[in-house]
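Trainee: Take a look at the letters that make up each chain.
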Amino acid sequence: MARLDPKLLRAAVPALSLALLLVAIFIIQPRTMSYFGLNLMLNLALPIAFATMAQLFILTVNDLDLSIGGFVSMVACIAATWLNETPLLGIAALIASIAAYAALGALIHLRNLPSIVVTLGMSFVWLGCAVLLLPSPGGAAPDWLTAIVKFKMPFVPLAIVASAVLGLVVHFGLMRSAGGVVLRASGGNPQAVAKAGWSLLKLKVTMYALAGTFGVLSGLILVGTTTSADANIALRYTLLSIAGVILGGGEFTGGRVSPIGAVLGALTLALVGSLLSFLRISPEWQIGAQGLMLIVVLALRSLVNRFEERAQ
Amino acid sequence: MTTHSQQQRREAMPGSSLQDSLVALSGVTKTFGAVRALAGVDLSVGPGECIGLVGHNGAGKSTLMQILAGTLRPTDGRYDLGGETVALSDVSVSKAQGVGIRCVFQELSLCPNLTATENVRVRHAALSGFGWRKRAAKLLTEALDDIFPGHGISPGATVGDLSLGRRQMVEIAINFIATESSHPRLVILDEPTSSLDQSVASQLLAYARRFVEAGGSIILISHILGDIFSTAGRIVVMRDGAVVADRPASEFDRASLVAAMGHVAEDDEDEALAHAAKARIGEPVVIARPPKQANGAAVSLHRGEIVGLAGLAGHGQTALLRLVQHAAYHRSRLAEVRGRIAFVAGDRQSDGVFPLWSIGENVTIRSLPALSRLGFVSSAREAAMEAEWKDTLKIRTPDMDDNILTLSGGNQQKALFARALGSDAEIIAMDDPMRGVDVGTKREVYERIRKEAGEGRSFLWYTTEFDELLHCDHVYVFREGRIVAELDRGELTEEKVLQSSFDEAAA
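Chains as they are written, first to last, in UniProt numbering: chain A, 1 to 312; chain B, 1 to 507.
I should point out that these hints are in silico values taken from the structure, not numbers from a laboratory. Don't take each hint at face value.
Stated by the list, open to error - Pair by pair, the computed Cβ-Cβ distance ranges are:
(1) A/R236 with B/D347: 38 to 46 Å
(2) A/I281 with B/K134: 46 to 54 Å
(3) A/F124 with B/L405: 42 to 50 Å
(4) A/F124 with B/R73: 49 to 57 Å
(5) B/D347 with A/T253: 20 to 28 Å
As the list claims (entries may be wrong) - Pulled from the structure, derived: some chain B residues nowhere near chain A, Cβ distances all over 10 Å:
(6) T71
(7) T75
(8) P112
(9) E118
(10) W132
(11) D190
(12) R322
(13) R396
(14) E480
(15) V484
Since we're looking at a predicted model, the values are computed, not measured. Even glycine gets a Cβ: it sits at the ideal position worked out from N, Cα and C.
Starting from the given sequences, assemble the full structure and let the hints guide the process.
Mentor: Written as structure tokens, this is what we have:
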């Protein structure tokens, strides 16, 4: 039993999946093994990683956010229009949308509503706002935003550094700090947390506000990369973010999450698309192939879980 | 908080005078909707006291403890903390924790996704800032070493990975931890030894005695009377939401304590109950062995019999019913069932009614195959069945098409009985089905059950009420997931059931 710690194995699965994928990509297309190649592949992965982190906060408190894709799209539209033309209005709109997320958390807690229903409804609200702002694809990202996102770090691409910082910051905030422990506790056993004298409302609002903040960051990075926006630009982020958290070793319930794993999971999902392109699989087949790979990895996860149970 | 009262408390610490109580309740009541859980309770706990609290399931022990710990607000009465009266609307966990009241709840209140150390942090808000993890781990290890020497629990272990007993040990240790801002002065232990093995349990009781000698207070709730006698200085007995005895432990012995808990069955029961034990002949229709049973004992049910499953709540009776139900459709290593089975749920909300359906639909769901032709349900036959059972069980409703939730609890339960009795099942498993049912309904249903049994149906009846066991031909008493006694109708007495429900192996 002591030969292979199942917990270690569980933590290693996301890293191994990503490494395997990278090796495959490097073999098929050796030119990607360069600063430029990695930057190109990972640039589009960074906003997915931020959206995944937003989803992770919601999953930690046993909820599910089906609106993150719509939300990121809306943020992208705000960034490509108001933030560029009238920066003050843009900033106010972004802050207001974070406040709206926090208010949703309060509503879900106070009225004891299923988060799936509330966020599914909100996804249409966000999308509607996005369409109102930007009826047809276009707009322009503020120059400062593009400059930040396209900044060329020496030696290591910005996307890699940013992903690592993202994973580590959330890891220390949520997994190691005293406050983060209470936040996760509210996903593990809410009654116990309430009995210990904490306010579940405050905890949930905090998590939703964090999710809103990371959703805004995701949208900004996305627009900085693409330089223009579209109301449908990030709709697939909803499912990608859920898959990313689960792929990274998180669970749907019980407050069991892993921020570093989630970043790895998000990168893996984003890179699968590149791999499939290199394999010359036409885009029509790519979504299906992505789904299949996801099932394979999740099957692997459940094998690890079973191994864990047997080890106990 | 005046300095005066603090001074009082400090003076009270060395001696244990009852006047300077840590917490005192007088005339406290608590109602949940129409259910009266506490009917005017007086209880005061002074420093350096160990109180043993005993009583049946549903006697109100846990409700009382939740009020003491501040997690429930009393409906009425007086609540004094450290000599000061607290307004009922101000009763809160933090108030109670402020004077050092801690509670080890019956259902574990640890977060399984966190490590033991992290759980310490959740319970003790003062542990934060740089280095909190180290401090929390140190406090926990010290407490564990103090209470359970040789525990072998690593503070970094995830609680979900620990065994039930070890989780309980962590939970107990956390509640005895003293931080800079909060010291435990009264620790409530609600069935603390239920998931601990003998040696660990005695470590805990020894620690509790040391804690009391040092001036702390303990309230110990336990169904193991030996633990109560070995630890408590004063015993409080609860029955039906009220304190019925509150005396020094030395004034009780085992028999008088059991007598104080139970109530003598009234003799006005009709003579139909006085039937003699039937001889058990032929092949049983159900044989089921609890998974934890070490010896060969098994529950057996013969045709036309009513078999009762007794014991304290949650000691494996419901699990056995589920096992039997499962075995009716699948192969099972532990149970053998010959015949079709129907289930009457006791916990209506969670596994009984379909809350969005009509009364009629709730009754017919078990019999739909019998009511349909060519794969379609015949509405005429459905209506006939609904009408028949409305009359038979006297379900009080103007229309069987009304929503099931328009019925009172008792009538909802009748609909669930109709679902089972109206089906083609030969065996009926009942999971304490009379919870919250009024006396009139109960009598009607008892009568019906006896009649059906006379016609050859077999009943497996888990009940927490002793009076209901009088209707059974044969009774099995459960404790900790095992059958500990088997009583025939003739030898059934409340005393015997209680004696076997509570551990006879006094520590």
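Trainee: Compare the structure with each hint and give your call.
Mentor: Evaluation of the provided hints:
1. A/R236 with B/D347: 38 to 46 Å: Holds, at about 42 Å.
2. A/I281 with B/K134: 46 to 54 Å: 52 Å, holds
3. A/F124 with B/L405: 42 to 50 Å: 32 Å, violated
4. A/F124 with B/R73: 49 to 57 Å: Roughly 41 Å apart at Cβ, these two residues miss the hinted range, so it is violated.
5. B/D347 with A/T253: 20 to 28 Å: Roughly 22 Å apart at Cβ, these two residues keep to the hinted range, so it holds.
6. T71: Answer for B/T71: violated, closest chain A Cβ roughly 6 Å.
7. T75: Holds, because the least Cβ-Cβ distance between B/T75 and chain A comes to about 20 Å, which exceeds 10 Å.
8. P112: Since the minimum Cβ distance to chain A is about 6 Å, B/P112 lies within 10 Å and the statement is violated.
9. E118: The assertion about B/E118 is violated, with a minimum of 5 Å to chain A.
10. W132: The claim is violated: B/W132 sits with its nearest Cβ about 5 Å from chain A, within 10 Å.
11. D190: 12 Å, holds
12. R322: 21 Å, holds
13. R396: 31 Å, holds
14. E480: Holds: least Cβ distance 22 Å, greater than 10 Å.
15. V484: Correct as stated: the minimum Cβ-Cβ distance to chain A is 29 Å, above 10 Å.
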